[in-house]
Amino acid sequence: MVVLWQSDEFNLQIRIMKKIIIQGLSIIVLFFASWFVLLQINWVAIFKIEKITDKTEEKLGELFWEIFQKTEIENVNPFVVSSVDSIVTKICSANKIDRELIKIHILNKDDINAFALPSGHIIVYSGLILNSDNQDELSGVICHEIAHIQLNHVMKKLVKEVGLSVLISMTTGNGGSEIIKETAKLLSSSAFDRNLEKEADIKAVDYLVKASINPEPFANFLYKLSDQENEATKYLTWISTHPESKERAEYIIEYSRDKKISYKAILTNDTWGKIKEKLRE
Amino acid sequence: MINVSKFAYLPGEHEAEKASNSYLMSLIAFIAGLPLPIINLIATLIFYLGNRKGTYFVRWHCTQALLSQLSVLFINSFGFWWTISIIFTDEIITDKYIAYIITALIFNLTEFIATIYTAVQTRKGIHVEWWFYGNLTNLICKSES
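Residue numbers (the numbering used here), protein chains in the order written: chain A, 1 to 281; chain B, 1 to 145.
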């Protein structure tokens, strides 16, 4: 009799346990099911998140470029512009990047610097071209900046450091010109964080290899300029804003090691020499 | 989802008040510590520990209040850290994130309403057992007799 009563009690316990497990599981299922159902709706489009950032980006790009246009001298020499353009066109077509998106500008300045602005503007200082030993080094830097644009690093950095609200207020004309200038300076003279830089370096190597450009000179460029004895040290903005250049050169070499294919020059040596000549004028 | 059933005995006025307070506690903590999901759990846990030696009715409702906080804690913690990673790292707002936050809101709201309802009912001495949590509490919380 006692044994029978105990087994009844035991069965009851099991039944309750089962009930609890089923009920618990159904709550979990209900949670994931509602998440899944809600996932079918395109929330980002409803809240216009992308649209806001796209439009803001376009306007910011224009605003910042205007500032550089006003304060620096743009090199509009057709030979230089078309030659650099042809490098960009080659990289873009080999990597299926919309060529219209990348707007490259060359500014006459001794600083060894290149940087990306929102909405696909890339600014390269003549000092960087003059200090590149060959066109592959320049191509490497251009690829690195294109990678920043394609990976959306520029807007990420701006949102993180300035804040989306300030950025939007700039585009609606409420931001003071001082803030815009300061933000433009931030883009030209400070690096992204290390992970983003590495990501852009690796992507740049991919772009270079696809465009049949040897990535090694890009690494050499970093090595060369990280050398403190180099006479160009005082103009080394691109290197001082991009820390650990040696380390970067090393992982670029490491990453591109097994990607050896035949490389083709985009410009002839003559053209490259002429670009430098024109820039020195 | 919410089941009103008969308790083993009729709780006294004082018991009903204490039991009701355990739900109120989680509500207040929920509002006060809104951004940090752990706060309401800690609040109900303190209340639970304080009433561990209370009467069966009080213990039972403290346990249910505590257990109900646990599941919301998981949902909210995940949402909380996801939001933090969007603000401070490279994560961006996606459909997945928004859908998650809305689901979390619905669950929180359901819990919030259920908690208010239960707090009111227990104050009147009516025994309210929640779906799943009620059974779980029955399993954990036994009458001493």
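In case anyone wonders, no lab produced these hints; they're calculated from the structure. Be careful, since some hints might not be right.
Derived SDA-like pairs: lysine to any residue, alpha-carbon spacing no greater than 20 Å straight-line [what the hints assert, rightly or not]:
| no. | chain 1 | residue 1 | chain 2 | residue 2 |
| --- | --- | --- | --- | --- |
| 1 | A | K48 | B | Y97 |
| 2 | A | K18 | B | T89 |
| 3 | A | K18 | B | K142 |
| 4 | A | K48 | B | S5 |
| 5 | A | K48 | B | I86 |
| 6 | A | K18 | B | W131 |
| 7 | A | K156 | B | W131 |
| 8 | A | K156 | B | I116 |
| 9 | A | K160 | B | L70 |
| 10 | A | K18 | B | D95 |
| 11 | A | K198 | B | F88 |
| 12 | A | K19 | B | S5 |
| 13 | A | K55 | A | K18 |
| 14 | A | K160 | B | W131 |
| 15 | A | K160 | B | G12 |
| 16 | A | K203 | A | L130 |
| 17 | A | K48 | B | R52 |
| 18 | A | K160 | B | I87 |
| 19 | A | K48 | B | K96 |
Structure-based check of each hint:
{"no.": "1", "hint": "A:K48 x B:Y97", "verdict": "15 Å, holds"}
{"no.": "2", "hint": "A:K18 x B:T89", "verdict": "43 Å, violated"}
{"no.": "3", "hint": "A:K18 x B:K142", "verdict": "19 Å, holds"}
{"no.": "4", "hint": "A:K48 x B:S5", "verdict": "48 Å, violated"}
{"no.": "5", "hint": "A:K48 x B:I86", "verdict": "17 Å, holds"}
{"no.": "6", "hint": "A:K18 x B:W131", "verdict": "14 Å, holds"}
{"no.": "7", "hint": "A:K156 x B:W131", "verdict": "45 Å, violated"}
{"no.": "8", "hint": "A:K156 x B:I116", "verdict": "42 Å, violated"}
{"no.": "9", "hint": "A:K160 x B:L70", "verdict": "33 Å, violated"}
{"no.": "10", "hint": "A:K18 x B:D95", "verdict": "36 Å, violated"}
{"no.": "11", "hint": "A:K198 x B:F88", "verdict": "19 Å, holds"}
{"no.": "12", "hint": "A:K19 x B:S5", "verdict": "17 Å, holds"}
{"no.": "13", "hint": "A:K55 x A:K18", "verdict": "55 Å, violated"}
{"no.": "14", "hint": "A:K160 x B:W131", "verdict": "44 Å, violated"}
{"no.": "15", "hint": "A:K160 x B:G12", "verdict": "57 Å, violated"}
{"no.": "16", "hint": "A:K203 x A:L130", "verdict": "25 Å, violated"}
{"no.": "17", "hint": "A:K48 x B:R52", "verdict": "51 Å, violated"}
{"no.": "18", "hint": "A:K160 x B:I87", "verdict": "8 Å, holds"}
{"no.": "19", "hint": "A:K48 x B:K96", "verdict": "15 Å, holds"}
Against the hints set out earlier in the document, violations occur for numbers 2, 4, 7, 8, 9, 10, 13, 14, 15, 16 and 17.
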